[in-house]
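The chain contents come next:
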Amino acid sequence: MLEVRDLEVAFGPIAPLSGVSFSLAKGETLGIVGESGSGKSLTAMSIMGLLPLSGGRITAGSIIFDGQELTTLAEPVYRKLRGGRLGLITQNPMTSLDPLQKIGPQVDVVAKLHLGMTSREARARTIEILGTLRIPEPKTICDRYPHQMSGGMKQRIVIAMALAADPDVLVADEPTTALDVTVQAQIIRLLDDLVKKRDLALVLITHDMSVVAQTCDKVVVMYAGRAIEHGPVEDIFHAPQHPYTQALIGCIPKGLSEDEHLTGIPGTVPTVVNYPKGCAFHPRCKAAQAICSTDRPGFVTKGQSAAACHFAGAVQ
Amino acid sequence: MLIPVSISISVVIFMIVHLLPGDPIDNLIRVGSSPDDRARLIAKYGLDQPLFTQYFRWIAAMFQGDFGDAIVLRRPVADLIAQNLPYSLQLGGLAFAFSSIVGIIFGTISAVTRSAAVANFMRGFILLGSTVPGFWLALLMILFFAVRLQWFPVSGARGWESLVLPVLTIGFGGVALVARVTRVALMDVRREDFVVLLHAKGLSSTSILMRHLLPHAMLPVVTILALRIGWILGGAVTVEFVFGRPGLGSLLIRALGQRDYPVVQACLLMLALAVMIGTLVGDVAQAAMDPRVREAKK
Ligand SMILES: Nc1ncnc2c1ncn2[C@@H]1O[C@H](COP(=O)(O)OP(=O)(O)O)[C@@H](O)[C@H]1O
Ligand SMILES: [Mg+2]
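As you go down the protein sequences, you meet chains A and B in turn. Just so we're aligned: 77 in our numbering is position 77 of the first sequence, and the numbers increase by one with no gaps anywhere. Heads up: take any position in the second sequence, counting from 1, add 1000, and you land on our numbering.
Please keep in mind that the hints were generated in silico from the structure rather than gathered at the bench. Given the structure is predicted, the values throughout are model-derived calculations rather than measurements. Honestly, I wouldn't trust all of these hints.
[What the hints assert, rightly or not] Simulated restraints, written as ranges between beta carbons of each label pair:
hint: 1; chain 1: A; residue 1: P76; chain 2: B; residue 2: M1289; range: 56 to 62 angstroms
hint: 2; chain 1: B; residue 1: F1121; chain 2: A; residue 2: V273; range: 34 to 40 angstroms
hint: 3; chain 1: A; residue 1: T59; chain 2: B; residue 2: M1289; range: 49 to 55 angstroms
hint: 4; chain 1: B; residue 1: L1280; chain 2: A; residue 2: R189; range: 47 to 53 angstroms
hint: 5; chain 1: B; residue 1: L1280; chain 2: A; residue 2: C251; range: 21 to 27 angstroms
hint: 6; chain 1: B; residue 1: N1120; chain 2: A; residue 2: K80; range: 57 to 63 angstroms
hint: 7; chain 1: A; residue 1: K80; chain 2: B; residue 2: V1284; range: 40 to 46 angstroms
hint: 8; chain 1: A; residue 1: R5; chain 2: B; residue 2: F1121; range: 53 to 59 angstroms
hint: 9; chain 1: B; residue 1: T1223; chain 2: A; residue 2: G131; range: 51 to 57 angstroms
hint: 10; chain 1: A; residue 1: K80; chain 2: B; residue 2: Q1150; range: 52 to 58 angstroms
Every residue gets a Cβ at the ideal spot worked out from N, C-alpha and C, and that includes glycine.
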């Protein structure tokens, strides 16, 4: 359904994203994980064809959706896919709806635009979708304004907008990061249900490994604008090859016991201006050798997964 | 809110007018009149009373809809106002409409254009329009369009031709101001998160601009326009005078020269009233456009 190969993104002379590849079939959930600044949102925007909004562009690689090359697609054609066959959910529901418009029209417009529905048909559809997303009193909600609703409710509205035209692919960029913990779980479960019921292909971007473990079939681990490991979730969790992936998995709290504290990975994420040479992770890597700071590692394949590390699998 | 403001404004207007040196009687008596004549006139118009008493007489009369009589012009002030107000309303209204409509269009073009030439032209225009003083522009336009090209009359208020130059003069600064506010507001709102999702819904840039960005950009524009109603009327005062048009501005300037207290007071009060109405209309418009403001007001 969706295949991304060697994606590279540049803003003028700087290239914050390169060498990102993955593929995704209907009914599958792909997780993209990585700390903040690793290039997850840029990947999402690339798929949606929305990089020009922030002044970026795709400089290499390809994105193939349902047999169609997206990177060279003309804008009017792309526009039909956006909201029609590709849905997007963004991070902060507090700011993702137009505060001057009622909820109803903001959702209705998708069905009107892509399914050619009349206002009345579109509203009926909106109410139905809001209902399936377990939003109480969908009819009255349509006449409310965004500021009158909670973050969790707003995120459901955003999901409703993304689903209104029955898309094939849903890109969810940290859909729960800005929400309360209890609401987070609800939204993740909701998305998981949707994938099963509607046979969606879901790209779930998160920085939370435990969310990946719960919901995803495949995972891509990103660091400093590159994919550094990918594969089926069971394989990655069972035998992570890359030290960064190992560290991320090590950060997941195992139980609810009092004395267990949350661990982070020591050091900070590099930004575009100071992406390290060689393996970008080497300054923070416990197993780093001399070669790691000079040569960029290629992917080492093991079974269905692959990791970009000079010592993939060797260190544990 | 409106009442205390009105009272303080009336006090300030009254004080300013009466503290000016000179008095209207000088403009009224003929050469060779006796000091007795002068004293009689002063008593007739109550100018010998303490200021305090004069103020309350004025206010009391005003509440009965009586603006009093002009001292020098010797006619009811209400008549003078009724005669001149329509001209000012016409000029002010047109200048206001011109500033808003052209300003919003220019601001939008300058925010969305991809052509460097258009962007630079707009930037130059906005800079010029915000800095060139109105009276100077008026004189330039009279020299060029009225005297040299003779397209429009130099002065007077006959027909639509006589309105063109005054409206342009007041409007020039107004257009620049509205264009600047529109442009900045559009650039700001375009960076907001929700715009990404609008694009992600598959909406075209044009419909996003018309249905979402412009309504947002209109919030600060409405605020500034409401505040600038007074400024536009203030502009009308000098512009009417320069173009020799009848109107409240011309009336005010003439009455000021003659220290015709009742007329000056009435004119200033009308201007102050217009400013207050402008602010009020601005608030109402804000609430009509923004549900968050409506909520906060409840
Ligand atoms: N508009 C932009 N211009 C330049 N650099 C950008 C821009 N947007 C993002 N970046 C850079 O790209 C990198 C990845 O950003 P992003 O995809 O937002 O990360 P994530 O979503 O994983 O937190 C960051 O280092 C960021 O500084
Ligand atoms: Mg992000």
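Status of each hint after checking the structure:
1. A:P76 x B:M1289: 56 to 62 angstroms: For P76 of chain A and M1289 of chain B the Cβ distance comes to about 31 angstroms; the hint is violated.
2. B:F1121 x A:V273: 34 to 40 angstroms: holds, 36 angstroms
3. A:T59 x B:M1289: 49 to 55 angstroms: violated, 42 angstroms
4. B:L1280 x A:R189: 47 to 53 angstroms: Holds - the Cβ-Cβ distance for L1280 of chain B and R189 of chain A, about 51 angstroms, lies within 47 to 53 angstroms.
5. B:L1280 x A:C251: 21 to 27 angstroms: violated, 58 angstroms
6. B:N1120 x A:K80: 57 to 63 angstroms: violated, 35 angstroms
7. A:K80 x B:V1284: 40 to 46 angstroms: holds, 41 angstroms
8. A:R5 x B:F1121: 53 to 59 angstroms: violated, 44 angstroms
9. B:T1223 x A:G131: 51 to 57 angstroms: violated, 40 angstroms
10. A:K80 x B:Q1150: 52 to 58 angstroms: This hint holds: roughly 57 angstroms between Cβ atoms.
Of the hints listed earlier, those the structure fails to meet are numbers 1, 3, 5, 6, 8 and 9, in rising order.
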